[in-house]
Amino acid sequence: MFCLDCKNGALCSLCLNFHEDHRAIQIRRSSYHDVIRVSEIQKYLDITGVQTYIINSAKIVFLNERPQPRPGKGVTNTCRVCERGLLDSFSFCSLGCKVAGTSNKFEKKKKMWEWEESIDGGGTKRHNKQMKNKIQSFSPSTPPQSWSSGKRRKGIPHRAPTGGIIIEY
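Reading the sequence shown from the start, the letters are residues 1 to 169 in full-length UniProt numbering.
In case anyone wonders, no lab produced these hints; they're calculated from the structure.
It should be emphasised that the depicted structure is a prediction, and the values quoted were computed from it without experimental measurement.
Backbone N, C-alpha and C fix where the C-beta goes; we use that ideal spot for every residue, glycine too.
One should not assume that every hint holds.
Said to hold, decoys possible - Each pair of labels, with its calculated beta carbon distance range:
(1) S89 to R66: 14 to 20 Å
(2) I55 to F18: 28 to 34 Å
(3) D5 to S89: 31 to 37 Å
(4) I156 to I25: 30 to 36 Å
(5) A24 to T76: 37 to 43 Å
(6) F106 to G155: 35 to 41 Å
(7) L87 to S39: 33 to 39 Å
(8) L4 to H33: 18 to 24 Å
(9) S57 to E107: 35 to 41 Å
(10) D46 to N77: 17 to 23 Å
(11) K73 to Q42: 31 to 37 Å
(12) R153 to S57: 33 to 39 Å
Turn these sequences into a full structure, and let the hints guide you.
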């Protein structure tokens with residue numbers, strides 16, 4: 001539980017008695033992400049434009065952004081901040097993205113895959129050279145491991161060394 005009126009952090013069940021007349025919300029965990037029920041948060045915040053999800057028959061919103069490396073194929077609407085695929089009627093994937101996207105200082109970050117597309121898609125040679133240098137500066141010093149040389153999860157089955165011996169009494 002968190003008190004919106006105090007700035008003391010999380011509340012335990014004993015401390016909750018001292019905050020009876022305060023605005024308290026409960027932050028829950030779902031699939032390793034922090035979520036809040038829509039019925040609790042919409043009393044205090046405007047959540048229009050934030051995509052809601054139904055988990056265990058409760059309508060929830062995510063607190064923090066949940067980025068994806070690349071948008072999926074056929075996705076027509078994405079989060080304005082982190083580019084996550086959304087349903088058509090929403091603009092943000094989480095409350096954190098809405099706060100960031102509606103602030104005055106918001107500037108959309110350019111993702112690595114957008115840099116690659118700008119290099120492949122043409123443009124000035126100078127711009128392409130600068131972008132290639134930026135991408136190369138982020139590349140690891142060791143070459144990436146190929147998938148074929150990776151160790152298989154299950155090895156080749158082997159018989160026990162004494163499996164073929166028949167013992168008679």
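Which numbered hints are broken by the structure, listed smallest first? 4, 6 and 7
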